[in-house]
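**Q** Listed below are the residues making up each chain.
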Amino acid sequence: MIDLELASDANLVVAVARCHQPALAEAYRRHGGAVHALSRRILRSDPPAEEITQEVFLDLWQSPEKFDAQRGTLRSFLLARTHGKSIDFIRSETARRRREDRTTRETATAGYDVEHQVWDLAVAEQVKEALTALPDELRQPILLAYFGGHTYQEVAKMLGAPEGTVKSRIRVGLGRLRVNLAARGVEPAGAER
Amino acid sequence: MSGTMPEPTHDEIEELLGAYALDALEPEETAQVERHLRECVRCVIEVGQHHEVTGLLANSGGDASDELWHKIAQRLDAPSEVPSWDRLAARLDPAVPNAGPQLEAPSGAVIQLDQSRRRHRWMVRTASLVAAAAAVLAVVLGVQVNHLNHQVNALSSTHQSVSAAAQAALENPNTQRIQLTPPATSPGSKGTTVTLVVGQTGTGYVFASNLAPLPSSQTYQLWGAINGQLVSLGVLGPDPSVRAFTIDSGTKVQAFAITAEPRGGVVSTTHLPVVESAVKQA
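Chain order of the listed sequences is A and B. Remember, the numbering used here sits 5 above the position in the first sequence when you count from 1. Remember, the numbering used here sits 1259 above the position in the second sequence when you count from 1.
Nothing false has been slipped in among the hints.
Dumping the calculated DMTMM-like pairs for lysine to aspartate or glutamate here, alpha-carbon to alpha-carbon at most 20 Å:
id, chain 1, residue 1, chain 2, residue 2
1, B, K1330, A, E56
2, B, K1539, B, D1507
3, A, K71, B, E1293
4, A, K162, A, D141
5, B, K1330, A, E55
6, A, K162, B, E1274
7, A, K71, B, E1298
8, A, K162, B, E1288
9, A, K71, A, E60
10, B, K1330, A, D64
11, B, K1330, A, E60
12, B, K1330, A, D51
13, A, K162, A, E142
14, A, K71, B, E1305
15, A, K162, B, E1285
Hints listed in this document are in silico derivations from the structure and should not be mistaken for laboratory results.
Okay, chain A solo, but in the shape it has when bound (with noise of 0.2 Å):
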């Protein structure tokens, strides 16, 4: 018998997929708050916020399978879910005249506005440092991207850079802020115990 507090991740998944509601309840004390906050960042409004954070428990509750944890750590599982989530939400159709207009809008500032809002966000200090220590031109685009819920082409439009450049600068970006997180001894977060 082992505390479903002192479980790994893996262990929890196991659990869940065994109908044990209490691991879903530690897995969701664990992440929820994370994937909760990363919805409601891309979808800059609560109620569907509240309700893909549902969908993405929800989801591991049907479907634990699905997660591999040769692949990954469950809580980078929960938040790539709750990203693809978000951001087929903002891509629907109504939103994304609403969105053409903001981006429109945003085109100007919109790295300066991200980039604050993400110093806002409760992110662990070596990882604001690690994202510092990368030129602007990297950083910028994974911002963008990753939390402005732009596809490149779009963020290649914001930044009036070519697209090929930028989708490149967001793949090297993300190796660059791997080694810069290794660098500071960064483990990835939720990673088994």
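We have chain A; now place chain B onto it with these hints.
**A** Same frame as chain A, but now just chain B:
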């Protein structure tokens, strides 16, 4: 117009992986990347690394809301929302009602995790295959007793003799053939097929030349779902072409799968199959 566009090259897809991990691609590009991920482990790994990084960016939010949890909990109780693993496991082998981890009553915040949980994930996938085959059929391969346990290594015959015997088995109309293919729901090796040929004597052959070579630190491993248990049928090596294996007499093999494991193989696996197939009744 997009239908006539050639598929992007590996290098072109690689350039998209960062944006893909950020959900920053247009739908057409997303579909291209996801097709590629089904056959490129290296890119799957890179996407996983990007997700770990973005997960750190999103590491915020403070405590989870109790109110929101109650909303989630209220939606858990419908019978249709029982986790798929258990539904499928039950369909796989009703005679083994609780082969997985034993849990205390919901009021207790403790669980017991025994070794069987390690195979549970895999067994569920196997179960889904069997369910997809419309019934769990007791497939007796008509083999003879060869070993008491189910841990069967690849035969130590020379490559030439194995190949010759395998070819003979392939041409024998009395052998059973099973095509293993990548899981539909998981990135793997799209288009990769592995053929198993199982003879009446219990000797089987794996024709695995389509499998992508693994690094020397890894090996492919063959598994069978047998009487509700997951059984290793052989360690195939990192770059198998043709390998032999044997199966115990009276064995009911419900599904086969091949996974990628650390060198030397493992007793039980938690990896998703690279290729897999249910065994249908002849």
